[in-house]
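S.K.: One letter stands for each residue in the lines below.
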Amino acid sequence: MSLMTIEQRLALNTYEVDTEPHIRLKEEICRQCERQSCLYVCPAECFKAREGKISFNHEGCLECGSCHISCSREAIEWSYPRGHFGVSYEYG
Amino acid sequence: MKERFDAIVVGGGPAGCAAAYTLAKGGLAVLLVERGRFAGVKNMTGGVLYGPVLHDLIPEFWKEAPVERHVSRHVITFLSEKTSVSIDFNSAGLDQPLYDGFTVLRARFDRWFADKVEQAGGVVITGVRVDDLLWDGQRVVGIVAGGDRIPAEVVIAADGVNSVMAGKAGLGVKLSPENVNQGVKEVIKMRREVIEERFNVAGDGGAAMHFLGFCTRGVHGGGFLYTNKESLSLGVVVQLQALIENNLKSVELLEGFKAHPAVRELIKGGTTVEYSAHLVPAGGLRMVPRLYTDGLLVTGDAAALVLATGRALEGLNFALASGMAAAETVKLAKAKGDFSKETLSQYEKLLAESFVLRDLKKFEQSADFLENQRLYSLYPGLACSLAEKIFRVDGKPKKTVWQLAREEMKGKVSLWQLLRDGLAARRTI
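In the order they appear, the protein sequences are chains W and R.
Position one of the first sequence corresponds to residue 1 (this note's numbering), numbered consecutively onward.
Position one of the second sequence corresponds to residue 1 (this note's numbering), numbered consecutively onward.
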């Protein structure tokens, strides 16, 4: 079996994407963060670093909670998506 | 909704469904609220439901529940980069009712369970996220969901590892990268006949395979592979702290695991149809929060009721049993007409008498034992290299297994260290 990109992986799942993100970053804290654990612990790779700036895209989120537990600076305002929204598994 | 509920259960996983089903069966007015479109669509598990707990609640549940295969073969495999050594357990006894365990796919299994709640007379609402608890002073008196305030005598928090409800009540588990594992999993579609032939299982029998060592590149965690009817559940479970410390991504570990010679041939020709992730509390008893307060009980993963011993990572039965104990407590409270924490303390008594808190107590030191890096980085590799020396015939004068073992250990681990780890394992596995 060949390697899959994260985009290919996430495309296997069904999402109903909310217009409002359920997770928000405190950007001023993230900018000063050297650890950047979110880049490693997010299994959907929703966090990206570009030119030292962390960005977050909630669309592929698997709702596991790893990011807010791992953020040593409490820069992540975390909640589940509103009812009905987010990922749905067919198998689980 | 005109009805006044005795109990509201937040979360339609095994803890919530077991609680709601027990209450509905007991004739109480119960509401189960699930944020997913259906119960189960947000949930995933490695994949094995062990033991007779659900059988106590729903006798011979396997005849009607959408279980995949009963586990008829257990395999533990130690991996180094290129080699593997396995312990392979088969027993004809595993093929008989009550069986040992079943592989399950949670989107199907939990949905069935929530349907059972409805059939028993419970009200199930899906697609609604519970946002807050309703308070009367220090007492929980219902929930706030979708802008509605829904009162009840008692709320049962069954909303999983990131429990929002327990947190709002100040009973939340202190989650940290050290006490939480992340599981990522693929469901790989495969023809029934191929699974049966390849995994040496017949009929509805199935294999539960656990891996230690190179599948996590030697960091704190392990791999798993379970056979479903027409698919495989394959994944890795890794401590969050191990990912952070080593700048690792679990999806990379998963790809490496799939490419390992011991796994590659097992999944050959299969098609990945789903990718999922979830957290597992793994800190043992010391992580378990206060389990109740006035008008609120906390169950399952929300209360970190998971047993991690190195031999097993078992949560489903703990979720089921805690949900059932919570429901029995609520039935008692209803009979007394008193939902104060004094009455609800019965919940902890029930758990203390059952395997739930007894197992967690007995294996209290397992979490420390599992911190030992040698379990993941050294011993699996040693087992593999020793096996290679034992099984390879190279035409030179032979050595005894003991001599080979001493050679393999040289410079890697002292006999004293090995003895100490062995003694620690005696208490914690």
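None of these hints come from the bench; they were simulated from the model.
Where a beta carbon is used, it is the ideal one built from N, C-alpha and C, also for glycine.
Treat the hints with care, since some could be wrong.
[Claimed, not checked] Label pairs and their in silico Cβ distance ranges:
hint, chain 1, residue 1, chain 2, residue 2, range
1, R, ASN246, W, ILE6, 32 to 38 Å
2, R, ASP338, W, HIS84, 44 to 50 Å
3, R, SER414, W, VAL17, 54 to 60 Å
4, R, GLN373, W, GLU77, 31 to 37 Å
5, R, LYS63, W, LEU3, 15 to 21 Å
6, W, LEU3, R, ASP136, 51 to 57 Å
7, W, LEU3, R, GLN96, 53 to 59 Å
8, W, VAL17, R, GLY422, 48 to 54 Å
9, R, ASP338, W, GLU77, 34 to 40 Å
S.K.: Give me the numbers of the hints this structure contradicts, sorted from smallest to largest.
M.R.: 1, 2, 5 and 7
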